[in-house]
Amino acid sequence: GNSVTQMEGPVTLSEEAFLTINCTYTATGYPSLFWYVQYPGEGLQLLLKATKADDKGSNKGFEATYRKETTSFHLEKGSVQVSDSAVYFCALWMDSSYKLIFGSGTRLLVRP
Amino acid sequence: NAGVTQTPKFQVLKTGQSMTLQCAQDMNHEYMSWYRQDPGMGLRLIHYSVGAGITDQGEVPNGYNVSRSTTEDFPLRLLSAAPSQTSVYFCASSVQGGSTTEAFFGQGTRLTVV
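Protein sequences appear in the order of chains U and V.
So the first sequence is residues 1 to 112, counted in this note's numbering.
So the second sequence is residues 113 to 226, counted in this note's numbering.
It should be emphasised that the hints constitute simulated quantities derived from the structure, not laboratory data.
As the structure is a prediction and not an experimental result, all values here were calculated from the model.
Fair warning: there could be bad hints in the mix.
Cβ-to-Cβ under 7 Å is the rule here; a few derived chain V residues that face chain U [to be verified]:
hint	residue
1	F122
2	V200
3	F202
The calculated SDA-like cross-link candidates involving lysine to any residue, where the alpha carbons are at most 20 Å apart (straight line), are [unchecked claim]:
hint	chain 1	residue 1	chain 2	residue 2
4	U	K99	V	F216
5	U	K52	V	P187
6	U	K52	V	Q208
7	U	K99	V	P187
8	U	K99	V	Y143
9	U	K99	V	E214
10	U	K52	V	K121
11	U	K99	V	R180
12	U	K60	V	R180
13	V	K121	U	Q45
14	U	K99	V	K121
From the three backbone atoms N, C-alpha and C, an ideal C-beta is built for every residue, glycine too.
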């Protein structure tokens with residue numbers, strides 16, 4: 001079946017450090033890929049997306065590139081801020097299944 | 113602009129009790145879904161609906177019922193609550209599934225079954 005695997009957290013970084021959160025997927029076909037973010041006490045909100053191979057999604061300094069050859073969609077940011085502390089979820093959508101499937105989430109803690 | 117509204121925000125139930133978690137959206141979205149969020153397991157899909165009158169099961173549907181009589185509302189029913197249903201529940205909606213469009217989430221309902 002379709003699934004998403006994320007690196008386990010928590011990830012703890014100092015402010016202005018470089019961030020990478022790994023995400024790989026398994027899917028029969030060509031999914032759309034997403035990163036969602038959940039701030040404390042809130043629901044999820046879309047951070048960025050990519051709908052086909054080699055697309056790069058970007059938003060608020062975060063980037064992720066859809067790599068079909070490695071079935072990956074790693075999230076990166078060049079310089080994190082304390083306000084980026086949150087839980088990040090990688091997700092995929094398959095038109096064939098009509099379901100949005102999430103990874104287990106990665107908690108990011110950024111210290112001043 | 114309310115978006116997706118879930119009620120209640122918190123609930124404590126005794127084992128065997130029933131209740132309905134409410135979800136309403138004002139964006140005229142066709143697709144709505146329910147997830148539960150458990151530590152270390154991310155969000156797991158319970159049920160979803162592609163439009164009024166149409167529902168289907170997700171990954172973890174046992175113990176839950178849904179109906180979709182209107183475009184706006186998608187309630188989730190627990191018929192006989194069990195401690196294993198202690199979780200945070202999220203409702204989401206989107207224009208048509210999620211292939212290219214954003215899914216909008218409610219703020220969640222934290223349910224404890226004792």
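To see whether the hints hold, each was checked on the structure:
The interface hint given for F122/V is broken, as the beta carbon of that residue sits about 12 Å from the closest beta carbon of chain U, more than 7 Å. Nearest Cβ of chain U to the Cβ of V200/V: about 10 Å, over the 7 Å cut. The hint is violated. Of the supplied interface hints, the one on F202/V holds, with its beta-carbon coming within about 6 Å of a beta-carbon of chain U, less than 7 Å. A threshold of 20 Å between alpha carbons decides the hint, and for K99/U with F216/V the separation of about 14 Å falls inside it, so the pair holds.
Restraint check for K52/U and P187/V: not satisfied, since their Cα atoms lie roughly 34 Å apart, outside the 20 Å limit. Simply put, K52/U and Q208/V have alpha-carbon atoms about 18 Å apart, close enough for the 20 Å limit, and the pair holds. Restraint check: the Cα-Cα separation between K99/U and P187/V comes to about 18 Å, which is no more than 20 Å; the hinted pair holds. Between K99/U and Y143/V the alpha-carbon distance is near 10 Å, which keeps this suggested pair within the 20 Å criterion.
Our distance criterion of 20 Å between C-alpha atoms is met by K99/U and E214/V, whose separation comes to about 13 Å. Using a Cα cut-off of 20 Å, the hinted pair K52/U and K121/V is violated, with the two alpha carbons roughly 37 Å apart. For the hint linking K99/U to R180/V, the alpha-carbon distance of about 17 Å falls within 20 Å, and the restraint holds. Under the criterion of a C-alpha separation no larger than 20 Å, the hint pairing K60/U with R180/V is inconsistent with the structure, at around 36 Å.
Simply put, K121/V and Q45/U have alpha-carbon atoms about 18 Å apart, close enough for the 20 Å limit, and the pair holds. For the given pair, K99/U sits about 25 Å from K121/V by alpha-carbon distance, which is inconsistent with the 20 Å threshold.
When each numbered hint is compared with the structure, violations occur for hints 1, 2, 5, 10, 12 and 14.
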